[in-house]
Each structure stands twice: as C-alpha cells, then as structure tokens.
Amino acid sequence: MQIDYQTLTLDYVASPDQRAASPVHHPVIIVGAGPVGLSLAIDLAQQGVAVVLLDDDNTLSVGSRAICFAKRTLEIWDRLGCGERMVETGVSWNLGKIFFQEEQVYSFNLLPESGYRRPAFINLQQYYAEGYLLDRARALGNLDIRWKNKVTGLEQRDDGVQLTIETPDGPYELLCDYLVAADGSRSPVRNLMGLESKGRVFRDRFLIADVKMKAEFPTERWFWFDPPFHRHQSVLLHRQPDNVWRIDFQLGWEADPKAEMQPERVIPRVQALLGQDVAFDLEWCSVYTFACLRMEKFRHGRVIFAGDSAHGVSPFGARGANSGVQDAENLAWKLRLVLAGQAPDALLDSYAREREYAADENILNSTRATDFITPKSEVSRTFRDAVLKLSKEHAFARQLVNSGRLSVPATLRGSSLNTPDSEPFAGLMVPGAPAADAPVRRDGAPGWFLATVGDEFTLVTFGEGAVGAVPCGGIPLRVVRVLREGDGRTHAGGETVLEDAAGLLAARYDARPGTTYLLRPDQHVCARWREFDPARVAAALARATARS
Amino acid sequence: MANTLNTAANIAAPDDFYEALIEMHRDLSDEQSRMVNAKLILLLANHIGDLTILREAMTRARQGE
Numbered sequence: 194m195q196i197d198y199q200t201l202t203l204d205y206v207a208s209p210d211q212r213a214a215s216p217v218h219h220p221v222i223i224v225g226a227g228p229v230g231l232s233l234a235i236d237l238a239q240q241g242v243a244v245v246l247l248d249d250d251n252t253l254s255v256g257s258r259a260i261c262f263a264k265r266t267l268e269i270w271d272r273l274g275c276g277e278r279m280v281e282t283g284v285s286w287n288l289g290k291i292f293f294q295e296e297q298v299y300s301f302n303l304l305p306e307s308g309y310r311r312p313a314f315i316n317l318q319q320y321y322a323e324g325y326l327l328d329r330a331r332a333l334g335n336l337d338i339r340w341k342n343k344v345t346g347l348e349q350r351d352d353g354v355q356l357t358i359e360t361p362d363g364p365y366e367l368l369c370d371y372l373v374a375a376d377g378s379r380s381p382v383r384n385l386m387g388l389e390s391k392g393r394v395f396r397d398r399f400l401i402a403d404v405k406m407k408a409e410f411p412t413e414r415w416f417w418f419d420p421p422f423h424r425h426q427s428v429l430l431h432r433q434p435d436n437v438w439r440i441d442f443q444l445g446w447e448a449d450p451k452a453e454m455q456p457e458r459v460i461p462r463v464q465a466l467l468g469q470d471v472a473f474d475l476e477w478c479s480v481y482t483f484a485c486l487r488m489e490k491f492r493h494g495r496v497i498f499a500g501d502s503a504h505g506v507s508p509f510g511a512r513g514a515n516s517g518v519q520d521a522e523n524l525a526w527k528l529r530l531v532l533a534g535q536a537p538d539a540l541l542d543s544y545a546r547e548r549e550y551a552a553d554e555n556i557l558n559s560t561r562a563t564d565f566i567t568p569k570s571e572v573s574r575t576f577r578d579a580v581l582k583l584s585k586e587h588a589f590a591r592q593l594v595n596s597g598r599l600s601v602p603a604t605l606r607g608s609s610l611n612t613p614d615s616e617p618f619a620g621l622m623v624p625g626a627p628a629a630d631a632p633v634r635r636d637g638a639p640g641w642f643l644a645t646v647g648d649e650f651t652l653v654t655f656g657e658g659a660v661g662a663v664p665c666g667g668i669p670l671r672v673v674r675v676l677r678e679g680d681g682r683t684h685a686g687g688e689t690v691l692e693d694a695a696g697l698l699a700a701r702y703d704a705r706p707g708t709t710y711l712l713r714p715d716q717h718v719c720a721r722w723r724e725f726d727p728a729r730v731a732a733a734l735a736r737a738t739a740r741s
Numbered sequence: 407m408a409n410t411l412n413t414a415a416n417i418a419a420p421d422d423f424y425e426a427l428i429e430m431h432r433d434l435s436d437e438q439s440r441m442v443n444a445k446l447i448l449l450l451a452n453h454i455g456d457l458t459i460l461r462e463a464m465t466r467a468r469q470g471e
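Protein sequence lines, in the order shown, are assigned to chains A and B. The opening residue of the first sequence carries number 194 in my numbering; numbering runs sequentially from there. The opening residue of the second sequence carries number 407 in my numbering; numbering runs sequentially from there.
FYI, nobody ran anything at the bench for these hints, they're computed from the structure. Given the structure is predicted, the values throughout are model-derived calculations rather than measurements.
BS3-like, lysine-lysine: derived pairs with alpha carbons at most 25 Å apart: (1) A:Lys407 to A:Lys290; (2) A:Lys569 to B:Lys445; (3) A:Lys290 to A:Lys582; (4) A:Lys582 to B:Lys445.
So that you can see chain A by itself, here it is in the shape it has in the complex (with noise of 0.2 Å):
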C-alpha cells in the first residue's frame, strides 16, 4: 500500500526511561527529526552509534517546502541506503525558460552530465524525503525515534548534558555526553540556551503553492521577471512527483499574509499564470520570509548546532536542507571517533570549522540570487532588467541572470583535517574536495566508485603498487585499489580491486600509477600523493582525526 507521508501519524509510545528512578544516559540525543536529524541518526547507527532521536510533533513535513535536492545529497542518502528510493520517486527536469515581461527572453537545457550515478538534482516534496528516511532509521535498531517528546529544559555540564522532556505522559530527564540540535529555523534548543543566530532579513514576503494539474503540463522549470499576470514581482513554477507543481509569487513585504493565503486569493493568482483553460486543485499554500542567518559558532561544548538551527538561507539556489545534510554527514564520522575515544574532543571543533565555512558560501550564493530576484535599490532594479533585456540575443548577459544557482557542496579548502599537497596534482580533487563519482567494475560488475568508499577512512591506490601496513593508531583504514579496465583482479589483504570502466577515475582524479589519495568517512579527500609511503599516509590520518 501506498504510505501517504503527507498525512501520516507518528504514534506517540512511552518509553522505558520515563519510568526510570534517575535520568537514564545515552551517548547522542538528537533533537528533530527532518531530514537532516533522521539523516545524521540513520548515520550514527549505521557506523554502530546508539541514538536517541527527539521530535515534539508526530507528523512528518506539512506541504512540499524543501524540494530540491542536489547531487551530493542524493549520494549521501545512497551511502545512509535511501537514495534509490528518492531518485525513483523524484523528477528531473533539464528545461529551463526565462521570462522578462511579456515574453520569454531564453531557454536553457541543463542536460546531464554523464558519468555520475546521480543527476545534479531532483524536485522531491521534503514529505517524501523525510518519509523514506523514516522507513530506513525504522529499519535500524539502534535508533530510538520519540515522537512528541518537546525538550523544555537544558543544564550543560563538563561531563554531558541533562534534559527535561515533556511528553503525553508528562515530563522526564535524560542524560547524554552529545546533543545536536537539528530542530529547524526557530531552534527551541537554540533558544534555551539563550543563543541567537544573526544576518540579513529580507523584508519581502512570498506566497508558495502547491497544485494538482488535471492534464498533462511540460516539465520545465519557469522563471518570471515582471510578468503582466504579476506586475514588478517574480513567480518560479517547477514540477514535482505526482503531478503536483509549486507555485513561488513573490509578494513585496506590504502584502497581508494571512489574506494572501485565502484560496479566493490563491486560485485566481495561479489560474492567471497556467490560463483560463488548465484546471487544477490546490493542495497546500503557505506564505513565508527569509532571512540569510548564521550562529557565530555551531558548536557551544557538548551542543553542537546542525541545519537550519545554525543557518538559514534564502530559498533562491536550494541551498537549506542540501546543506544541512552535509552537515549531518559531516558530524556523524566525528561524534563516532571521539565516542569511541579513537579521536580527541578537538575533531568536533572542526565540525564547527568546516560547516561555518560551508555556511557563509552558501549564504553568499542564496544572497546574490536573492539581490538579483528582489533588487533593493532603483539602480539595482535598472542593471537586473538591463541584464533580462539583452539575455534575449546575447549568450554573456544569459550568464548574468541569477534565479538561484545549482546547489553545489563547499569545498573545504582551508580545513585544518586536510594535509597539503607536496606534489603537483591537476582538477578539482584537492584536499577538502568532496570525492567525485564515476562508473566502476567490481568483480566484473557495473557499478560507482562511491558505493565503495565512506563510513571509513578510505585509501584509494591507483595501479598495482604494493600498499603495506599503516600505523593507524587504530582508527580503521580500508584501501580500494584501482586498476585500468580489463586489468581486475582479486587482491589478497582484505583491498576491494575496482576497475576504471570508463578512465574517468583516473581523469577525475588526476591519477597515474602509484598516486594515492586518503578520503575521509564522509567521502572528502583529506590528501594525496604521487606513491605511497605508510609514515605520510599515517601523518595525515592523524592530522584528519585532530590527533595532531
């Protein structure tokens, strides 16, 4: 039977340590469970961590809100075992059409580029999304999600953090040594603590709508500047699964939006875009503002920050739930390190580090689209239509328009886990670069380099050079070893031998025989060499775990 996710009811069941005569300890509570706190519970239990997963509500997201998600997500479900599922319910559109006023100025076809697993994004309602992340943590047994558990208290100590939890039954206290806060926008957590998150509010309002068109409509993505159906604001209209579209209209920040959201206001707004002729129904609409925000620091001791509690972005660029996923990616491979005591409580800063840097780039692409969609000042309003004027004949003013880029991950250049290059290398696999896919043989089977590698540290070794022992100080190290096609073969020694189907791993990775690259539980590259030397490649795993 088909789950209706947008609907579902999450039943509330007392757990055992309400009952307990003292507040019973877990290693990691979670506080939300949206996409990126399911996300960084089903990683934390996969690599073994038992998580406690809180949510103060019982239903899953209520309309389509996030629904793009872009590549390097899509991956990160593959690794947390749901992405098949997102990428088969989701839909791709390659068509884009620009409209300036009464006309279409351009289109523009976003066709993929092949040689990755996955597209360079899908529109997914974030109900699917979250639903099918549901089904997988359901599916772990080290992970206990409590539905309508509403965190009321906090007290921070040296050795951990205590909670009181209000619930159905009334209030309890739990204890653990982590707590992330993945609990949205208006983090209550973030607000218990006193802390604030500062930036740029934006003062316009926008209506989104969600609708069922009754007969077939192109899926295309189209973008308005100034349309006459919507003078002087803009309008985004792109598909989702299930024959349902959403609607963005920009309001201006004078419009009333509780008026704005009646659907004798709603229906005529949209029946002016499609035409008279396209019959629809209106599912769900809501009207929002935005604002570009940041917490100075995403860690404060043993709470650590993740998503939209630490950062909020404009939804220009899809740039929100893509970010707070890696995040959580970013967290789950630290919290398990230093849980295990296999790295010191420093590896957790670097989280911090990391994504505030991922932050800040996000924030400055969603505000550049942002500017360029809702000019501030007449000066600004004059160049965004100059630029929409001469995009209709000329290719560099197409270049100019910006209505949201492509969510593409951070590099994380300056990272204090990376170890600098000491050999000249080419392309875009530098140290803090999230690793790049391409199609791979294993045992003679088509399949991804990326299904290989992450949970673990992992050594990816091109050619047949011998790869000896590393002194890991026990964290664990795998090594994938990558021969050319046809040159497969089962290695001794526990190695995975892939073969470079295509020579696009070696091509993407700057590879020749003997190069060597160390990539983290998270799929990033923290170094590389031109041959390997186990004193350098344990260096710089003791560099990436904060243990120098």
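Since the structure of chain A is already known, use the hints to place chain B on it.
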C-alpha cells in the same frame, strides 16, 4: 599593460566619441536613458572581461562621490 586600467588618452577621435555618447540618448526619457546606460556598461564590461580592471574602473568611478 595587462591587468591595469588604461587611463591614458586612448580614444582616437575624442569629439566624435563624445558626440556619439550624447546622441545615443537623444529623445529618450530619463528612465530610458538610465536603461541604455546600464546596457552600455554591461556590454563594455563583458568586452573587457578582466575583473581586476573592472574593479579598478569601479573604484575610480566612485571616487569623489
């Protein structure tokens, strides 16, 4: 010299250029003129391309205002 804004005299027929610049705006409203100026800046900026030079020109243009 590359990567530096050329502020030495570089227009062969300065009076012709200036006349053309003013002529470009003939019979336009102020609003239309602002739009034409913006398009001209964008076209010339693309022709120059080099962001270092463009930034230097922007800095000089703003001086004294």
